[in-house]
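Dock chain V against chain A, hints included.
Protein chains: 2
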Amino acid sequence: MAARSKIFVGTFVHSKTLGELEYLHDTVVAVDGSGKIVAVESNSSADAVSQKLGWTTDEVDVTTTKTAQFFFPGFIDTHLHASQYPNVGIFGNSTLLDWLNTYTFPLEASLKDPAKARKVYSRVIRKTLAHGTTTAAYYATVDVASTNLLADLCLQAGQRALVGRVCMDQLSPAYYRDESPEAALAATRESIAYIESIDPGREIVRPVLTPRFAPSCSAPLMRGLGGLAKERPDLPIQTHISENKNEIALVRELFPPESTGAQDDSYSGVYDAFGLLTDRTILAHGVHLSESEAELIAKRGAKVSHCPCSNSAITSGAARVRWLLEKGVCCGLGTDMSGGYSPSVLEAARLAALVSRHVAMGGDDKAKLTVEEVLYLATRGGAEVVGLQQRVGAFAVGMDWDAQLVGLSTVDAQGEVEGIAEGEEDGNVDVFGWESWPDIVAKWVYNGDDRNTRKVWVKGRLVHERK
Amino acid sequence: MAARSKIFVGTFVHSKTLGELEYLHDTVVAVDGSGKIVAVESNSSADAVSQKLGWTTDEVDVTTTKTAQFFFPGFIDTHLHASQYPNVGIFGNSTLLDWLNTYTFPLEASLKDPAKARKVYSRVIRKTLAHGTTTAAYYATVDVASTNLLADLCLQAGQRALVGRVCMDQLSPAYYRDESPEAALAATRESIAYIESIDPGREIVRPVLTPRFAPSCSAPLMRGLGGLAKERPDLPIQTHISENKNEIALVRELFPPESTGAQDDSYSGVYDAFGLLTDRTILAHGVHLSESEAELIAKRGAKVSHCPCSNSAITSGAARVRWLLEKGVCCGLGTDMSGGYSPSVLEAARLAALVSRHVAMGGDDKAKLTVEEVLYLATRGGAEVVGLQQRVGAFAVGMDWDAQLVGLSTVDAQGEVEGIAEGEEDGNVDVFGWESWPDIVAKWVYNGDDRNTRKVWVKGRLVHERK
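Chains as they are written, first to last, in the numbering used here: chain A, 17 to 483; chain V, 17 to 483.
Excised from the complex, chain A in its bound form:
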């Protein structure tokens, strides 16, 4: 508990419910040395709250919002491949299955080189932190050593992370796969043990069971991972589901119900038959799920990571988030780099809004997601998807201080940004002065970028600051 206590003063914005943002002005949030929020007081002052907590002024750091600034919960990226980061934007006109073979497997395999892994993983952590991602659910690669390095680097940088060694023992190139189900399970156990050894209290990093997706896992491997999931009910699980129509057909061919004991021939049924569809399971995509699959997922309490950037970029489809939410499925957002090209959860939120409009154009007008809704998915929704809803995603006593300070530009009478030299630009969100707070937040959602994320904290630690 060496860290100093911190007090944050000013405007705080966070999700109250799916449809509602709460705007807390003239508010004080106190964070103790362990990074936990110990007070949220409106219409108060730093001094008053310090006094109440018995903190003396000289042991507390105070951060106050300025004009057009506010504190917002850190973003949760519920699905991304750290190992694919160098390929962002490189996908041509491919779709999932050819994209994997053309672009993805060669790059992932090459990260067996520890120097290359260090370069790539250091960069993706720094980049996502700069965009306000305080929690990330990462896929690494098949390789244990570099997966463990990713966990080390997250811990050092202070980014909360689920780190998964990728399991894949079939239908993958010979140069990049587990040698057998047994080898895959042993490597998985090895990586889990390592990650738990570096952060036994799971304060920052934790392991996650990661069957890549059904097509690349043999039945024995799926069965083994289901067993491990049962043996370790504290471990989260992450995988992909129903991203692409050819993928779904492949799963149906590979796992006929008579071979798995599943009740039907659905993709969800396969994971369920192997004990991998649980309330700790993060399912990326879910673009083409059927009614009965959505119901099964809701029944099992599994979660969906919606990845609109990826789904549009590699032409997978348009996921029906409103429909999933109405079925009772918990949803969050994922950048899914490098199927998705952007490292930003804010961009994922923006694209979730756009893609929902494309779903609406298809005939379901109520499909449209609002600014409030996409920000909920980016924070509280995401926190629930990764099983951390008690700790992060909002500002409340007892939760951790995982937060970002958002700062926007204010325009003067000459059309210049106040406080910035001519020729400098400090982001693309221009506040003219007459906007309401909801309009300001909408401007941020639609034009914000990492320049607007001025500071980022995880568990009370300042992990990024724009200079």
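Where hints are given, some of them may not hold.
Treat identical chains as interchangeable: a pair holds within one or across any two.
As the list claims (entries may be wrong) - Here are the simulated DSS-like pairs of lysine-lysine, each with C-alpha atoms no more than 27 Å apart in a straight line:
#1 K128 <-> K343
#2 K82 <-> K132
#3 K384 <-> K128
#4 K475 <-> K82
#5 K382 <-> K315
#6 K471 <-> K382
#7 K82 <-> K52
#8 K52 <-> K128
#9 K261 <-> K382
#10 K82 <-> K343
#11 K384 <-> K68
#12 K261 <-> K384
#13 K132 <-> K261
The set of hints was computed from the structure by calculation and includes no laboratory data. Nothing here was measured: the structure is a model prediction, and the numbers come from that model.
For chain V alone, kept in the frame of chain A given last:
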């Protein structure tokens, strides 16, 4: 001819055809004092080209690309409302007709205040220049004085622009419309005369006839504008078409063929009947055009400004760009602020790629636009849309130097960006060092922003520089 001659050295990228980018390495481009390109020489040097042109070294400014930098033609924004800039990102769940009344008309009307107009127009010019927009086809407002101010400010800032006073004399609020067709035509002539007086050679700014869209123009006004278009065959024309299904129904109701003499009840037929569908006409959107409309547009040589950001944001639809191109319709890109939220033509290019994938998901797999194609639309396509294809959009002797210097980040072994202090970020395009040039350009298209636009020139004049 007071400006100094300029020589640019290094890597140049531009569109050769719709499907092909040309990469010119070790190349020298020489630009004379009037801003015209007078030499493009590959495998040459600044000295050799200077000598050939009879230029002495001390009268020439030389700019050379560094690692991960290249020159690219300036972007052409073929459709945007300068007056709506403060509303970017503010549209809620609205669609076109309610969006106009709720958000748009009140803001546009308020720019009658010259101080407010100066603030807004100065900002939008600076912002779009920072994003590499060297030519913009602007809608101002109904007000003559502030429309003229927009032209003044473009000329001062050096941004090539078509500036249009908006004509609208019906179905608009009483507080914001032309009083009569006659008043609209007189105000239009007044603004044209002013804009031609400040730049008689049309070197930078030029007026453009701007019937807002058919629903807001009476038949006499449309007829009068058609007459003016005939009287002044040198003037471009800009308007909206077929953006939203309710709008199309409204046009059908307002302009039955028996009243206009049109051959059918299509939206395009209305403009055609009034003499406004010409080879100088820029039609924004064209989302829901019929086969016969596309054929008529192609026959008349009118152009389409594709505005993907706007079309998705306010749920208008997904324009079929491949289909338009195959019909022989020339297309460019528009940000359509503030129906579109982004000031960036690069973002419009990115979203054109994404929207084309949504069209592909609807069943037309060849609809997908490549990186090369969206960059063509952003430059050469756009130049043709605004009638400036002889002057801008590519690098060739005889064309003007309207260009941007693009610079990307290079990542070192520690995952830091070379030449940048820790904590600083300089854009989101990370070059790891092993990428091909097409991959580097794809990375720029998908993650680039104004930080990567290091310098911008229009007609040889440096109009923006990142510091």
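- Query: So which hints don't hold here, by number, going up?
  - Reply: 1, 3, 6, 8, 10, 11, 13
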